[in-house]
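Trainee: All chains should be built: construct the whole structure from the sequences, respecting the hints.
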Amino acid sequence: MTATVPETGTKYDKLIKPDRVHGSLYTDPGIFAEELARIWYRTWVYVGHESEVPQPGDYVRKSIGPQDLVMTRDRDGQVHLLLNRCAHRANLVCEDQRGNSNSFRCPYHGWTYRNNGDLLGYPYNKGYGGKGKLELTMGRVPRMASYRGFVFGSFAEDGPSLEEHLGPAAGEIDRLCRLSPEGEVELNAGWLKHRTRANWKLLAENETDGYHPQFVHGSIFSVTGSPIGALYSDHSTAVTRNLGNGHSENDLRPEFRKFGEPMRWFGTTEERVPEYVAKMRALHGPEAEQILIEGAPHVMIFPNLFIAEIQVFVIQPLSAGECVQHATAVQLKGAPELNRRMVSQSIGSVGPAGMLLADDTEMYERNQRGVEQLRPEWLDVRRGLDRERVDERGLTIGTATDETGMRGFWAHYKKLMEDGK
Amino acid sequence: MTAVVGTEPDLRQIEQFLFREARYADEHDYDAWEALWTDDALYWVPAGDDTSDPVAVVSVVYDNRNRISTRLKQLRTGKRYSQSPPSNLRRVISNVEVLGTEGEDTVVAANFVLVESRVRGMQVWAGRTTYRLRVVDGELKLAYKKVALVNADQPLPTMAFLI
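Residue numbers (the working numbering), protein chains in the order written: chain A, 1208 to 1628; chain B, 54 to 216.
Each hint should be verified, as a subset may be incorrect.
To be verified - Here are some chain A residues the structure puts well away from chain B; computed CB gaps all over 10 angstroms:
id : residue
1  : 1248
2  : 1282
3  : 1355
4  : 1380
5  : 1398
6  : 1534
7  : 1541
8  : 1566
9  : 1591
10 : 1599
11 : 1602
Said to hold, decoys possible - The calculated DSSO-like cross-link candidates involving lysine-lysine, where the alpha carbons are at most 27 angstroms apart (straight line), are:
id : chain 1 : residue 1 : chain 2 : residue 2
12 : A       : 1486      : A       : 1400
13 : A       : 1400      : B       : 194
14 : B       : 126       : A       : 1400
Stated by the list, open to error - Partial list, computed: chain A residues near chain B (C-beta under 10 angstroms):
id : residue
15 : 1399
16 : 1403
17 : 1555
Treat the hints as calculated values from the structure; they're not laboratory data.
Glycine residues also receive a C-beta, built at the ideal position from the N, C-alpha and C atoms.
Mentor: Printed below as a string of C-alpha cells:
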C-alpha cells in the first residue's frame, strides 16, 4: 500500500525535505529496488569482523542485504568476501553457517574452489578440454576493506575509500577498541537473529533517536531503576551528532563526565571489575581515567552497522517491509571480567526476547503498518532543527532528544539515491 | 490446586505439572507461573547453531531467578509493548519422557507446538523442552527449563511471551 507521491521536483527532491520525509520511502518496492542498486550494492556496507575467522581456513556465512556471502580467511591470512554461488550452474557452494576448510565443493556437479574463490577443479574435465582450462571463479565482492578488524564490502569497483566513507565515525570505532586493554574488539559471542517486519530505515533512524527511550523502554527502566532514561531526557547534557555520510551518534560523554565515575557507563563501579581497571591504568597512565569515565560509543554507521555501547547490531534488509537485525555482545580482548557481563547483559537486552529490543522491534513493526496509512503522508523529522549548532570539529549537533541524526541520514541517502553512481 | 507428591513423582503427576505450567504461560498468569520456580531457577532458550556455552555465547533467553523476576515485572507494567496487548497463545505438550534423575531433580523432556496470534499474524513455534523438576515441601517445582526451538538457527520474530 503506497501513499500518493507529491507532484513537483525531481523524484527524491519530492520525497525528502529538510524537515520531513515521505511515507512511500518505507513501503514502495520500486524504491527498495533502487536502494539495493544505489546503496547496498554500491557503498561500503559492514559485513563481518575479522575475529569471526581467526584461523586460516575459517569461514562464516554473511550477507549484504539479500546477497549470500562467505567470509573466508585463506592460508596467507588474507580475508575474502565471496558470493555463495557456483560459477557453473549457480548452485550454493557453501551450506554450513561456519567452519574451517581450505576449499569448497559444489554439491551439484562437484566443482571445487579454493577459499579465495579460485576454481580448483571440475570432474570429467575433458568436457572442457582438460584440466585448468576454465577461467571461471566464484564471485567476489569487488572491494573489501577492514578498519580495526571491522570488515566492510563494496560492490562498486571504485569510489570513496573506506576511510573516506567512515570519516569521523572511524574515531568512534577507535573509542570502542580503546576500551580493550589490548586495543582490540572481538565479535565471537555468537549472533541473535531477529526477524523484523519493517523497513530497514526505521531501524537506522531509531538507533540514534534519543527521543524514544523514555517512552518505549519506560517499562524496563522503571522496574530496574535504570539510569539510562535520564541520559535521554530533556535535561540531559548529551548531544546528538551528525557525523556526515549518513553516520550519527548519541554522544553521552557529557553526562558521564558530569559524574566523573569510572565504569558508570557500564552500569558498575571500578571495585566490581578491579583487574580490568588496573590493566587499563597500567596501559594508559593518567589518560585511563578519561577512557574509563567516557565509556563506549553509541554510533550508527551508514547504512547497517550500529554500535550500541556493548552491543553490535547489523541491519540486513530483505524487502521494503522486512529485515533482519543481527545482534551480538562486544567482547574486549584482554577483559574477561567485562566480557561475561557483556554477554549476560546483551542476552537480557537484545534479540527476540530482549527486554529492550523486543519493544523497539514492536515499534518498528507498528510503524510499518502506520506508514501504510494514506494520510498525512509525511513523517516529521524537524525536532531540534532550529536549535542545532556546529561543534569545534565543524559537525552539526543537537540536544540528546533531537532528530539531528535522522536528518544526517536522509541527507546522505538522498545524495546516494540521486547521483545514481 | 497442587497435589502433594512423594519424593519420586510419577509420570501422571509430572504431566499434570507440565500442562499447568504451559497453561499459566499461555494465559499470561505471571504470578502463578513465577511461583512454580525454585530459587536456583534457570530458564534458557538457546539461539543459533552453537549452544556450547551460554556464558560465552548469546542466547535468546538465559534467565536466572532474579532475571525471571525482572522479566515478569516488566510484563506486569502493561507497558512491555511487545506483549501489550499480549499474544494469544495455545500450546500442546506431548511425547513426555522421564530421562532420569540429576541429584534430587527429575529430568523430563517433552515436545511442544505453540500457536501465537498477534496483529502481525499467526506464528507457529515448536521445539523440545528439557525440564528439571524438584519436590520442595511436598510440591513439584521447576528448577530448570531449556527450550530448544526447531528454528533456533534461523532469524526469529519477536518472542516476548513466556515460551
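Trainee: Between residue 1400 of chain A and residue 194 of chain B, does the CA-CA distance stay at or below 27 angstroms?
Mentor: violated, 32 angstroms
Trainee: Please check whether the beta-carbon of residue 1248 of chain A is more than 10 angstroms away from every beta-carbon in chain B.
Mentor: holds, 21 angstroms
Trainee: Just want to verify: residue 1602 of chain A was marked as not at the interface with chain B; is every Cβ pair farther apart than 10 angstroms?
Mentor: At roughly 33 angstroms from the nearest Cβ of chain B, residue 1602 of chain A sits farther out than 10 angstroms, so the non-interface label holds.
Trainee: So residue 1282 of chain A supposedly isn't at the interface. Is its beta-carbon more than 10 angstroms from every beta-carbon in chain B?
Mentor: Check passes; 24 angstroms lies beyond 10 angstroms.
Trainee: Decide, holds or violated, for the assertion that all CB atoms of chain B are farther than 10 angstroms from the CB of residue 1591 of chain A.
Mentor: holds, 25 angstroms
Trainee: Using the nearest Cβ pair, does residue 1403 of chain A come within less than 10 angstroms of chain B?
Mentor: holds, 8 angstroms
Trainee: For the pair supplied as a hint, residue 126 of chain B and residue 1400 of chain A, confirm whether the alpha-carbon distance does not exceed 27 angstroms.
Mentor: It holds: about 25 angstroms lies between the C-alpha atoms, which stays within 27 angstroms.
Trainee: Can we confirm that no CB of chain B comes within 10 angstroms of the CB of residue 1355 of chain A?
Mentor: holds, 22 angstroms
Trainee: Grab the minimum C-beta distance from residue 1399 of chain A to chain B and call the hint holds if it beats 10 angstroms, violated otherwise.
Mentor: holds, 5 angstroms
Trainee: Say whether it holds or is violated: residue 1380 of chain A keeps its Cβ farther than 10 angstroms from all Cβ of chain B.
Mentor: Its Cβ never comes within 10 angstroms of chain B, the nearest being 21 angstroms, so this holds.
Trainee: Measuring Cβ to Cβ, find out whether residue 1566 of chain A lies farther than 10 angstroms from everything in chain B.
Mentor: The assertion about residue 1566 of chain A is violated, with a minimum of 5 angstroms to chain B.
Trainee: Closer than 10 angstroms between Cβ atoms is the bar; does residue 1555 of chain A clear it against chain B? Give me holds or violated.
Mentor: holds, 6 angstroms
Going down the numbered hints, you'll see the structure goes against 5, 6, 8, 12 and 13, while the others check out.
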